[in-house]
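Chains as they are written, first to last, in the working numbering: chain C, 1 to 390; chain S, 1001 to 1390; chain W, 2001 to 2390; chain B, 3001 to 3390.
None of these hints come from the bench; they were simulated from the model.
There's no promise every hint is true.
Calculated pairs, DSS-like style, for lysine-lysine (alpha carbon to alpha carbon, straight line, at most 30 Å) [stated by the list, open to error]:
1) C:389 - S:1241
2) W:2075 - W:2052
3) C:241 - S:1281
4) B:3389 - B:3199
5) B:3301 - W:2257
6) W:2257 - B:3253
7) S:1382 - C:253
8) W:2238 - B:3379
9) B:3389 - W:2386
10) W:2382 - B:3379
11) S:1241 - S:1190
12) W:2257 - B:3186
13) C:382 - S:1382
14) C:109 - C:199
15) W:2257 - B:3372
16) B:3301 - W:2186
17) B:3386 - W:2241
18) C:386 - S:1190
Far from chain B, some chain C residues (derived; all Cβ distances over 10 Å) [to be verified]:
19) 129
20) 133
21) 158
22) 186
23) 187
24) 225
25) 251
26) 280
27) 300
28) 302
29) 318
30) 319
31) 347
32) 348
33) 356
34) 359
Short, incomplete list of chain S residues facing chain C, as computed with Cβ under 7 Å [said to hold, decoys possible]:
35) 1099
36) 1169
37) 1232
38) 1234
39) 1236
40) 1245
Even glycine gets a Cβ: it sits at the ideal position worked out from N, Cα and C.
4 protein chains.
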Amino acid sequence: MTIDASKAGTADRRIRYGMVGGGQGAFIGAVHRFAARMDDHYEFVAGALSSKPAKAKASAAELGLAPERSYGSFKEMIEKEAKRPDRIDAVVIVTPNHMHFPPAEAALKAGFHVICDKPMTFDLAEAEALVKIAKKSGKIFALTHNYTGYPMIRQARAMVGAGLLGDIRVVQAEYVQGWLATDLEKTGQKQAAWRTDPKQSGAGGAIGDIGTHAMNLACFASMLMPEAVLADLQTHVKGRKIDDNDHILLRFKGGAKGMIWASQIAIGPENGLRLRICGSKGTLDWCQEDPNYLWFHELGKPMVRYTRAGHGAGPEAARVSRVPSGHPEGYLEGFGNIYAEAARAIRAVDAGEKIPAEVIFPTAEDGLLGMKFITAAVKSSKDGNKWVKI
Amino acid sequence: MTIDASKAGTADRRIRYGMVGGGQGAFIGAVHRFAARMDDHYEFVAGALSSKPAKAKASAAELGLAPERSYGSFKEMIEKEAKRPDRIDAVVIVTPNHMHFPPAEAALKAGFHVICDKPMTFDLAEAEALVKIAKKSGKIFALTHNYTGYPMIRQARAMVGAGLLGDIRVVQAEYVQGWLATDLEKTGQKQAAWRTDPKQSGAGGAIGDIGTHAMNLACFASMLMPEAVLADLQTHVKGRKIDDNDHILLRFKGGAKGMIWASQIAIGPENGLRLRICGSKGTLDWCQEDPNYLWFHELGKPMVRYTRAGHGAGPEAARVSRVPSGHPEGYLEGFGNIYAEAARAIRAVDAGEKIPAEVIFPTAEDGLLGMKFITAAVKSSKDGNKWVKI
Amino acid sequence: MTIDASKAGTADRRIRYGMVGGGQGAFIGAVHRFAARMDDHYEFVAGALSSKPAKAKASAAELGLAPERSYGSFKEMIEKEAKRPDRIDAVVIVTPNHMHFPPAEAALKAGFHVICDKPMTFDLAEAEALVKIAKKSGKIFALTHNYTGYPMIRQARAMVGAGLLGDIRVVQAEYVQGWLATDLEKTGQKQAAWRTDPKQSGAGGAIGDIGTHAMNLACFASMLMPEAVLADLQTHVKGRKIDDNDHILLRFKGGAKGMIWASQIAIGPENGLRLRICGSKGTLDWCQEDPNYLWFHELGKPMVRYTRAGHGAGPEAARVSRVPSGHPEGYLEGFGNIYAEAARAIRAVDAGEKIPAEVIFPTAEDGLLGMKFITAAVKSSKDGNKWVKI
Amino acid sequence: MTIDASKAGTADRRIRYGMVGGGQGAFIGAVHRFAARMDDHYEFVAGALSSKPAKAKASAAELGLAPERSYGSFKEMIEKEAKRPDRIDAVVIVTPNHMHFPPAEAALKAGFHVICDKPMTFDLAEAEALVKIAKKSGKIFALTHNYTGYPMIRQARAMVGAGLLGDIRVVQAEYVQGWLATDLEKTGQKQAAWRTDPKQSGAGGAIGDIGTHAMNLACFASMLMPEAVLADLQTHVKGRKIDDNDHILLRFKGGAKGMIWASQIAIGPENGLRLRICGSKGTLDWCQEDPNYLWFHELGKPMVRYTRAGHGAGPEAARVSRVPSGHPEGYLEGFGNIYAEAARAIRAVDAGEKIPAEVIFPTAEDGLLGMKFITAAVKSSKDGNKWVKI
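Taking the hints into account, I'd like the entire structure generated from these sequences.
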């Protein structure tokens, strides 16, 4: 196996980006900056890092932005950057869910590429609108369903695509966390506060925050499309306004069935995203907490453990790997792969070229599917756990 | 920790048993004999090992039974043994499901104790009848939900009982196998043939064969009672007459929720019974394929691994352990614990004494609950996946 | 894979045995009785269970021996049993090391088969003598290096024998325990007391108790013979008279090299016997605490996990398996395999037949090799860690 | 636990560096560039990337260096950079071992900080000289024993320092790879070629390449100093000029003992660096391939699993963590921590301040210790495996 040499750095001009959100106290903003820096494809040059001016300013200074490129709002950033000769190429959106659509719309309409955190929008209507806006813009809209960037998830998808699992029969996904097992939101913890506030997160709590990741990953790796969902969205912590533990049944187009368990109140698992895909010829098993391994159970054979960049792992994993097998890669590298893929796409679009077929990243269509999933799951749960079409 | 010394053998007279079923080609019959022999509490002296006379005879000879105590039918065995001065004390039933009730009823009515494989009966009506018969008989009726015999399951139940998990919120159980991923029943494989034949197995396939184990174990360890079930019983292998992959949602009395995934078509897992119990104070995680470990995630603390008979494991695990920690015990030892517990109960009853409080084994009530579960799940699945009360 | 059907029980007359040692408070005596009972090949009918008459008597009663067959000494047992028409066939020796040779010699000379715990004798001279006595007797002498009875160790040996590993280059064995991390022997704990007393255990502590197991297993599975040893036998707990942590280098005949780490003071591992065999074509990895798995790393291929009785496991593992894969077997089953193999050998010898080629169990020659290993290691350590031929 | 916020980026001026080696076809050069970029502390602006001019030029272009700062030799780079107003601050050395000392000496003497790959030098004489040169220079010399940068290694060291393990008795280290199981160096593979050429790698093969890592890590985490070594350096692949599998015994100052197994011919493990530290109160266990976990076995308690940034992990791990627990970090992040620590030290030195006490990175003294270890091990092995003082 050859590790993709281009990963070592790049002679191309770096893609300049401005960030919306991600100031002091934020989590995912820093992750996006790490991911952007990973392969040297991007340069962080502007920001509207907080809706609070003082915080925005302090955050920008801490992160080394030029003072004149620290803006008071995303609108100001988009407006002013559009006029600079060294203007940004892309806008990165890392705000709470209710603040995804406005900057995304503005950025795309102003001719900027967009990289946006998930879930894509606050509700389904915004999502449908955004798909159209993105399409019309001709710009890249990348959604950071970052787990699709893990090399062994690429490997899994490639194996499914090559027919090594036969017909897919069952997909089991779980995304289990325990950090909301108590009413953390009442302590002032910022991450907990907005995620449990329907005004910021949307109608779904755990279903939007992590359930969408599980659904997205299940579909990405199994190459299946969901058809209907039966959901029991539960709230176990008293006083919480939103679901914190979800039990979900899935029907896929073509007849496969699935289950999703998404929980934020299962004490223990830290970020326990696991995916099992069972076909007529074999089963794949992957866990995000140990992401360099992919377990393959082939019919009539003993279990095999593929390792990222190791023997048996194919080019789909190799091209998103940076170091040899045995040298573990992790969350930031996987996240960085979404950024690297988006960079390739952005460069292609900017050069008027076709995006190479091997380049894969989640798009507005994936974001729309996620919003449909959330919407259907919420409906199913409210209606007494009936099947609802997605 | 002190290993229970009584396990080394016993001075008491061995309990004599006769077996129904379990002749050549059977699987579970041999397991029962191993389990009975494990702690030297039993003596295998009689049998109606097959409905086919030649096979019954050959099996008996192979197993060292005296020729005159190899019977042509369970009726003959019960009738003739009842008259012997050295008559058997107990009847062990290891036939396919449809042949559980008749010998159980006959044995209890003739004054024999009964140890019976699960699911308890062919249908719910038989189960309800058997509970009454068992109660009236005054004899021991033990159902071999053997997984409740594992020391670390006893440990889990003790921890739940001691409140270490707080209020139980979620129970996740899965029992995943892959041995029926192809149409094995068409090859003449005996185990596959009867399990996929509704006339022998009852209305449920995977739900009866392994789903009941998962439900039973979930309830045993969590100390919860199921209230309602929503089931999607699926058949993935063409031509199969019975479910081979089941997706189940559970509601427990008191408000906890659960999921069960029972599959016989997920290639890879060999006997993948896993149980996770999530409470407000902590989570327990146990897997049958590595049964000597129990993982405990306590709120705000790092994960702890308890080992059978190791530090932190309590008397409930110790009294069903035979060797020190680090010397793995397995399936037969766990199965043997059901037999050992039943032996203590049988001796107490025969001596006119009370069964010691510490002695735990699955009874006819557990078997009835299992049949209610199967019945409700089948109904739910047929009715479009609606909640059905158990 | 077909599980060996003969395991389900036997029509043959059970082999009657008398036990030397193994009374109340003993550990390994009970293990031998479990192992003997496992497959129904043996019957426990006599004993000289303790050198203390009252304890011997009480132990015998507790274990259900006929009072007249509970003897005050092994001499009395051998003398009196030899005269009985229903005399024992075999003597099982489970005393501390210094009391292995005398009963073994007496039993063999009186025409009894012997099953003896390890290390075989107190010193090398006894071992050399015993080999001759055993050979001359024509009787079976089986040494319970029980770890060679694990199915996946049989599988490993078969794979080595089939050339799947190529030329063996390196063998790494470790046997790590922590139970003697404190001066447990001063608390009156019987197991600790005799094992740390050179008058009962011989010149070696950890080297004899567990180092011999590691060496024996390494040689058994790799099919190599040791040539020389360089040992650093250490004592870490103050006041202890004997080694409790051993660092050992090995040279094998043919050029392979090895290391052994044997420790009783490494807190944590409970019975951490692990073996890695590295050849020019592949590496095998096995761990006693998870004995149903064998990991194979073939040159240029991803790692494969074989399971006991699962896909890819061969007849050598199958014939010493009792239940299907996924139903874990453990320590007692492995120990039981030594007893089952010895039973086959004893029956063959008693019938004047040749022992079947597939039957494998550790013999007096293996015991002699173990004593040579201990002797050489002790010498090496005393001489400043030089190479000493075995 | 709070993740160190400074990791999100920095307002300080980036440290400019020039790289020696690391052109096309190199492995570790790219790793250093990733590590330097990780936390945005560095800027890559100059290079003497290859001794071959065309390759140097092409590599520089590929990596986006300004043409005028791509130099033909390290001498030229040091000479010319010294005169630039925007001169580099540091020289990064990633050449084969024999080319470490010359650029390091030149850089330090010219007033540049140095970050150098390990082992530090070609031989002991160079190492002793370099320690003096580094000391005299007043500049930072950081050696990339990168495994000391892993958060859970920091955690282990902190636990040892806090006395949680009691007196350290035994340290077991292994660094196992299989990539040189065949004569890969004969295929033209660059990494294999120089590592097996004594003219480029020095007297040691595996001992220098990975054995030093194991020794360094063992000492770093256990806080022990090695006193003497007994080594058996072996060559298993025919025609190889240098050791490829090493068996080593260690004595530490204060009485602890250790073993190291370093292998490049054990097929299977990819980068299997494992460390176990056994004290009178507990044992720690860590494995590089799963670096986010640290297992702690405390005397008399069940095993605990600490996770990077999870419950129970302390500030020493947190300050070198970037993302929450459950979001795995890997090799590049650990490597990046050495760069981040070096950056803090460089900035302190450049500002005339004291290096903060919490900042830890391997220095020239560590490099010297490594060279003493290699030298002693080579001598021990040549002299028939005798103890040699370090």
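Status of each hint after checking the structure:
no., hint, in the structure
1, C:389 - S:1241, "holds (28 Å)"
2, W:2075 - W:2052, "holds (14 Å)"
3, C:241 - S:1281, "holds (21 Å)"
4, B:3389 - B:3199, "holds (25 Å)"
5, B:3301 - W:2257, "violated (36 Å)"
6, W:2257 - B:3253, "holds (28 Å)"
7, S:1382 - C:253, "holds (21 Å)"
8, W:2238 - B:3379, "violated (33 Å)"
9, B:3389 - W:2386, "holds (16 Å)"
10, W:2382 - B:3379, "holds (23 Å)"
11, S:1241 - S:1190, "holds (16 Å)"
12, W:2257 - B:3186, "holds (25 Å)"
13, C:382 - S:1382, "holds (22 Å)"
14, C:109 - C:199, "holds (26 Å)"
15, W:2257 - B:3372, "holds (25 Å)"
16, B:3301 - W:2186, "holds (21 Å)"
17, B:3386 - W:2241, "holds (26 Å)"
18, C:386 - S:1190, "violated (39 Å)"
19, 129, "holds (32 Å)"
20, 133, "holds (30 Å)"
21, 158, "holds (21 Å)"
22, 186, "holds (19 Å)"
23, 187, "holds (14 Å)"
24, 225, "holds (28 Å)"
25, 251, "holds (30 Å)"
26, 280, "holds (31 Å)"
27, 300, "holds (23 Å)"
28, 302, "holds (15 Å)"
29, 318, "holds (14 Å)"
30, 319, "holds (15 Å)"
31, 347, "holds (14 Å)"
32, 348, "holds (19 Å)"
33, 356, "holds (19 Å)"
34, 359, "holds (20 Å)"
35, 1099, "violated (32 Å)"
36, 1169, "holds (5 Å)"
37, 1232, "holds (6 Å)"
38, 1234, "holds (6 Å)"
39, 1236, "holds (5 Å)"
40, 1245, "holds (6 Å)"
Hints 5, 8, 18 and 35 from the list above are not met by this structure, while the remaining hints are.
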